[in-house]
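Chemist: Each chain, written out:
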Amino acid sequence: MKFERSDLLGIEDLTRDEIGAILEATDSFAEISERPIKKVPVLRGLTVVNLFFEPSTRTRTSFELAEKRLSADMVNIAASTSATVKGETLKDTARNIEAMSIDMLVVRHSASGAPRFLAEVLACPVVNAGDGAHEHPTQALLDMYTVRKKVGKLDGLHVGIVGDILHSRVARSNIWGFTKMGARVTVCGPATLIPPGIETLGAAVTTDLDGLIPELDILMLLRIQTERLSQCFFPSLREYAEIFGVDSARMARARKDVIVMHPGPLNRGVEITPDVADGPNSVILEQVKYGVAVRMAVLYLLSGGERTSEDTH
Amino acid sequence: MKILIKGGRVIDPSQDLDGAADLLLDGGAIAALGPDAAAAGTADTVIEARGLVVAPGLIDMHVHLREPGREDEETIASGTRAAVAGGFTAVASMPNTEPVTEGEEGVKFVVAKACDAALARVHPIAAVTAGLRGEMLAEIGAAAAAGAVGLSDDGSPIANSGLARRALEYARMLDRPVISHSEDPGLVGRGVMNEGRVSTRLGLRGIPNESEDVAVARDIALARLARARLHVAHISTARSLELVAEAKRLGAAVTCEATPHHFALTDEAVASYGTNTKMKPPLRAEPDVAALRHALRTGQVDAIASDHAPHSQEEKDQEFDVAPFGIIGLETSLGLALTELYHKQVITLVDLVRLMSTNPALILGLRSGTLRPGAPADVTIFDPGRDWTVDPAAFLSISRNTPFSGWQLKGKAVTVIVDGRILLRDGEITV
Amino acid sequence: MVLRDKAQIMDADDIARALKRIAHEILEKNRGARDVILVGIRTRGAPLAKRVADLVKSIEGTQVPVGILDITLYRDDLQLVAKQPVVGKTELAADVEEKVVVLVDDVLFTGRTIRAAMDEIVDFGRPKSIQLAVLIDRGHRELPIRADYVGKNVPTSARETITVKLVETDGEDAVSVQEMADEI
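Residue numbers (the working numbering), protein chains in the order written: chain A, 1 to 313; chain B, 1 to 431; chain C, 1 to 184.
Bear in mind the hints are in silico, worked out from the structure with no lab data behind them.
Bear in mind that the values here come from a model prediction, so they are computed numbers and not experimental data.
One thing to keep in mind: the hints can contain errors.
Stated by the list, open to error - Restricting the straight-line Cα-Cα distance to at most 20 Å, the calculated cross-link-like pairs of lysine to aspartate or glutamate (EDC-like) are:
1. B:2 <-> B:419
2. B:316 <-> A:120
3. C:50 <-> C:60
4. C:89 <-> A:24
5. A:38 <-> C:123
6. A:39 <-> C:119
7. C:89 <-> A:18
8. B:6 <-> B:246
9. B:316 <-> A:18
10. C:152 <-> C:25
11. B:410 <-> B:387
12. A:91 <-> B:317
13. A:39 <-> C:95
14. B:316 <-> A:92
15. A:39 <-> C:77
16. C:99 <-> C:119
17. C:89 <-> A:31
18. A:39 <-> C:97
19. A:149 <-> A:54
20. A:38 <-> C:60
21. C:89 <-> C:123
22. C:89 <-> A:27
23. A:68 <-> C:76
24. C:128 <-> C:25
25. A:38 <-> C:25
26. C:89 <-> A:34
27. A:91 <-> B:314
28. B:2 <-> B:26
29. A:68 <-> A:31
30. A:38 <-> C:97
31. A:2 <-> C:77
32. A:150 <-> A:4
33. A:150 <-> A:13
34. A:39 <-> C:91
35. A:38 <-> C:95
36. B:344 <-> B:315
37. A:91 <-> B:315
38. A:68 <-> C:119
39. A:38 <-> C:76
40. A:39 <-> C:123
Hey, can you work out the whole structure from these sequences and the hints?
Modeler: Here you go:
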C-alpha cells in the first residue's frame with residue numbers, strides 16, 4: 001500500500017489504496033504534534049513555497065505548521081488574481097519561483113485546473129491547496145482521517161454534505177474520497193446551489209434537510225458565502241438558516257452519535273448555531289488538529305528521492 | 001489564360017450536377033463545363049483531376065482575420081493564405097477587429113487591404129452596433145454600400161431586444177442578412193464551458209444550452225417580426241436546431257451554420273483543461289452533437305463555417321478561466337467535414353459542397369458558389385481520400401490554437417483557383 | 001541482487017542465551033533497573049526490547065518501561081531512497097527526562113540508524129544517558145558509534161549481509177549470514 005505520485009492534484013484520480021496509504025501515514029505524523037519538540041528533520045533543507053492566490057488563514061497556516069514541523073524552509077507568497085491587475089501570467093509566476101530552486105509548491109487558486117496547469121509546467125511536486133470549485137484534496141483527507149479516528153472506519157457510513165455544493169471544492173473532493181472508501185454520500189442544499197450531474201460523481205441529492213438528518217452518521221456543513229446573495233441564489237441568509245441551518249432543534253432529530261463537521265471558517269448563526277458548533281457532537285477543532293498531521297503526511301510522501309534504488313535499510 | 005480541368009468528378013449543386021466532366025476557365029470566369037469543355041479552345045494549362053472532386057470554390061463564411069488591431073494573431077494576408085491552404089477561395093470576415101469594422105471607413109479598409117494582400121477573396125461583414133457596444137446602430141447603410149455582404153456583432157449578442165429588432169428591420173431594407181451570435185448574457189454569466197456533468201466534475205462554471213436556445217428563439221421571433229433575413233452563427237444545441245427548422249417551416253428567412261468542432265467534439269474534450277477546447281458557444285454534450293450530425297444529414301443546417309478565431313500562444317497558455325475563447329479552423333475545416341461527416345456516412349459529397357460553397361454564396365449574395373459558365377473562376381479541387389495528419393507547426397495561419405493537433409484526417413484540398421489564378425497546386429501554395 | 005545462504009550462526013537457544021546475558025549485563029552496569037527505559041528500534045528492535053524487559057523482570061522483579069522508536073523521519077539517506085518508506089509510529093511509553101535510555105536493535109552495522117535514533121530521543125527530552133544493546137555487531141562502522149551490550153560479534157565482509165529472524169516478526173528465531181551472489 002504505497003503512494004507513488006509526484007503531485008497531489010485531487011482525490012478523483014486516487015485509488016482506495018492510495019488514500020489508505022496517506023491515512024496510515026498520518027497516524028505517525030499526528031504523534032509528532034504531541035511531542036515536546038514538535039519537529040522532525042525529515043524535510044530539512046528542502047524549500048517549500050506556499051503560493052496562495054486566494055486569501056486563506058486556516059489552510060495556509062496549517063500547511064505552514066506542517067512544513068515547519070518537518071523542518072522544511074518555507075515561504076508564503078500571497079499573489080493576486082485580480083483581473084484588473086495586469087501582472088505576470090500564472091505560468092511566469094510559477095517559473096520564476098521554480099528558478100529559485102524550490103523543492104515543492106503548495107498552491108491555492110481561484111481557477112479550477114490551475115494546479116494541474118502548474119504541475120505540467122513545473123518539475124517539482126505540486127500540492128493542490130484548493131482550486132476554484134474543483135478539488136481541495138487535503139481537506140477531504142483530513143475529513144476522512146477525522147471520521148476514521150472518531151468512528152473507527154469509513155465503510156458503510158452515511159455522510160451528508162449540506163450547503164453550497166455548486167461552488168464547493170470541499171464537497172467534490174469529499175464525495176470522491178468518502179465514496180471511494182466505501183461510504184455513502186448525500187448532498188443537500190437549495191436547488192439553485194446543486195450542480196447538474198452531481199449524481200455522476202456518486203452522490204445522492206436532496207433538498208430536504210429534515211428528512212436527511214436522521215439518516216446520517218456524519219453531518220458535514222459547508223460555509224455559505226455572502227456573495228451568493230448578490231448573485232441571487234437564495235433570498236436571504238435568514239431564509240437560508242431557516243431551511244438549511246443546523247441548530248439544536250435539527251440536532252434533536254439526528255442520531256445520538258452523529259458527527260458534525262465543518263471545514264471552516266464558520267458562519268455562526270447561518271449554517272450552524274454556536275451551541276452545535278461547540279457541542280459534544282462537533283469535531284470541528286479536531287479537523288483542524290488532524291489537518292496539520294495530514295498535510296505533514298502528504299508533504300512527506302511527495303518528497304521522495306530518486307525512483308531507482310530499493311529500500312536498503 | 002485558359003485553364004482546363006480534366007477528368008474530375010464535378011459536383012455543383014447549383015446546377016444539380018454530379019458526374020465526370022471537364023471544366024474550362026478563361027481568365028477570371030468559367031467558360032465551359034461538360035464533355036465539350038475540352039473542345040471549347042486550347043488551354044494554356046491542363047490540370048489533371050482524375051479521382052478528385054471539382055467543386056465551386058469553397059467559402060468559409062465565418063472567419064476572424066484580426067486585422068486591424070491584432071496582427072500578431074492573424075492578418076488579412078496570413079489568414080487568406082491559411083484559407084487557400086484549407087481549400088477556400090473566399091472568406092467572410094467578422095468585424096470584431098480593433099477598431100471595429102463598421103461604416104464606410106472600416107469596410108473600405110478591409111476591402112483595400114484584401115485587394116492588396118489577400119490570396120482568397122475577402123467579403124467583409126460589418127458591425128451592427130457602433131463599436132459592437134450594443135447601444136446604437138452603426139452606419140450599416142454606408143457599410144453595405146462600401147461592400148459589406150452581411151451584418152453581425154459576432155462575439156457578442158445584441159442584448160437589447162428593441163435594438164435587435166430595429167437592426168433587423170434596417171438590414172431588411174438593405175437586403176443584407178444579420179448573422180447573429182445568439183446567446184443570453186445573463187444565462188452565460190461567467191461560464192467557461194458547457195454546463196453539465198463534465199463542468200460539475202471539473203469545477204468550471206457552466207454555460208447551459210438554454211443560453212443559446214433562449215436567444216435563438218428571440219432572434220427568430222424578431223426576424224419574423226421584421227421580415228428580415230437571419231443567419232444563426234455556430235449553432236450548437238438540439239433545441240436551437242429545432243427552432244430553426246420550425247422557423248423555416250413557417251416560411252421565415254432563417255438559415256444557420258455549424259462549425260466542425262461542434263460536430264467533431266463533445267464537452268468531454270475539456271477534461272484535461274486544455275484551453276484549445278474553450279470557445280463560444282462551448283463544446284456541447286453528446287446528445288447535442290448527435291442532434292447536430294442528424295441535422296446535417298437531413299439538410300437542416302445550411303452551411304459549415306469554421307469560426308476561425310486566432311489567439312496568441314501567451315494568451316491561450318493560461319488557466320482555463322482566464323484564457324480567451326476561440327480556436328482556429330481554416331486549415332482543418334474541410335478535412336474534418338470529410339472525415340467526420342462524409343466518411344462516416346452522415347452526408348454525401350453533394351451535401352458537403354452545398355454546405356461549404358453553394359449555400360454560403362446564396363446566403364451572402366455572392367456570385368461565386370457555382371460553376372455556371374460566366375460565374376467567377378473560383379474552383380476548389382479536393383481529394384476525399386487523401387490521408388494526412390494535422391500538424392499545427394505546418395499551418396500557414398500565424399496562430400496555433402487548435403485542439404486537433406495529431407488528428408488523422410481523410411480528405412484534403414489539392415488545387416485552389418481564385419479568379420482564374422492557381423493559388424494552390426498539389427497541396428502547395430504557389431504564390 | 002541475489003543472496004546466497006552461507007551459514008546459520010545462531011539458533012533459537014543461542015539467541016535466548018545471548019539476550020539473557022544482555023539482561024544481566026544491563027542490570028550489572030546500571031546497578032539495578034531503576035530509571036532504566038528500554039527503547040526498541042523498529043522493526044526487530046521492538047520485540048527484542050520486549051524480551052529483554054521480560055528477562056529483567058524475571059531476574060530483578062522490576063517491570064522496566066518498553067517503548068518503540070521509528071527512526072524513518074530522522075534517516076540521513078531519504079533523498080537517495082525510492083518513494084518514501086512507510087513511517088511507523090513512535091511510542092515511548094515513558095518520559096525520557098533524566099532516565100537511562102537503553103536502545104535495542106537487532107544488527108549494528110554502519111551506525112547511522114543509531115545516530116538517527118539518538119537524534120530522535122533527544123528531541124523528546126534530556127536522558128541521563130543513552131546506552132545501546134544489539135543482538136549482532138557486524139562491524140563496518142561509518143560513524144563513531146559503539147554498543148554497550150552485544151549478543152554476538154560477527155565480523156563480515158562487505159559482500160555479506162546478516163539476516164535476523166524473530167518469532168514475533170518472522171515466525172522463527174534464527175540469525176544467518178548470506179552472501180551476495182552473482183546472477184547465474
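Chemist: Each hint: holds or not?
Modeler: Here is how each hint holds up against the structure:
1. B:2 <-> B:419: OK: residue 2 (chain B) and residue 419 (chain B) at ~12 Å, within 20 Å.
2. B:316 <-> A:120: holds, 15 Å
3. C:50 <-> C:60: holds, 15 Å
4. C:89 <-> A:24: Satisfied, since the Cα-Cα distance of roughly 10 Å is no more than 20 Å.
5. A:38 <-> C:123: holds, 8 Å
6. A:39 <-> C:119: This hinted pair holds, its Cα atoms lying about 11 Å apart.
7. C:89 <-> A:18: holds, 19 Å
8. B:6 <-> B:246: violated, 43 Å
9. B:316 <-> A:18: violated, 34 Å
10. C:152 <-> C:25: Within the cut-off at roughly 14 Å; holds.
11. B:410 <-> B:387: Given pair residue 410 (chain B), residue 387 (chain B) holds - Cα atoms ~4 Å apart, limit 20 Å.
12. A:91 <-> B:317: The hint holds at about 8 Å.
13. A:39 <-> C:95: Holds. Residue 39 (chain A) to residue 95 (chain C) sits at ~17 Å (cutoff 20 Å).
14. B:316 <-> A:92: holds, 14 Å
15. A:39 <-> C:77: Judged against 20 Å, a Cα distance of about 18 Å means the pair holds.
16. C:99 <-> C:119: holds, 16 Å
17. C:89 <-> A:31: Satisfied, since the Cα-Cα distance of roughly 8 Å is no more than 20 Å.
18. A:39 <-> C:97: holds, 18 Å
19. A:149 <-> A:54: violated, 30 Å
20. A:38 <-> C:60: violated, 36 Å
21. C:89 <-> C:123: Roughly 15 Å separates the two Cα atoms, so the pair holds.
22. C:89 <-> A:27: At roughly 7 Å apart (the allowed maximum being 20 Å), residue 27 (chain A) and residue 89 (chain C) satisfy the hint.
23. A:68 <-> C:76: holds, 18 Å
24. C:128 <-> C:25: Holds - the C-alpha atoms of residue 25 (chain C) and residue 128 (chain C) are around 18 Å apart, at most 20 Å.
25. A:38 <-> C:25: violated, 35 Å
26. C:89 <-> A:34: holds, 12 Å
27. A:91 <-> B:314: holds, 10 Å
28. B:2 <-> B:26: Status holds; Cα separation ~5 Å.
29. A:68 <-> A:31: Given that 20 Å is the threshold and the Cα spacing comes to 15 Å, the pair holds.
30. A:38 <-> C:97: holds, 16 Å
31. A:2 <-> C:77: Holds - the C-alpha atoms of residue 77 (chain C) and residue 2 (chain A) are around 19 Å apart, at most 20 Å.
32. A:150 <-> A:4: Violated, at about 28 Å.
33. A:150 <-> A:13: violated, 26 Å
34. A:39 <-> C:91: Roughly 16 Å separates the two Cα atoms, so the pair holds.
35. A:38 <-> C:95: holds, 15 Å
36. B:344 <-> B:315: Distance ~35 Å between residue 344 (chain B) and residue 315 (chain B) Cα, so the pair is violated.
37. A:91 <-> B:315: Within the cut-off at roughly 11 Å; holds.
38. A:68 <-> C:119: holds, 17 Å
39. A:38 <-> C:76: Within the cut-off at roughly 19 Å; holds.
40. A:39 <-> C:123: holds, 8 Å
Hints 8, 9, 19, 20, 25, 32, 33, 36, counting from the list given before, are not met by this structure.
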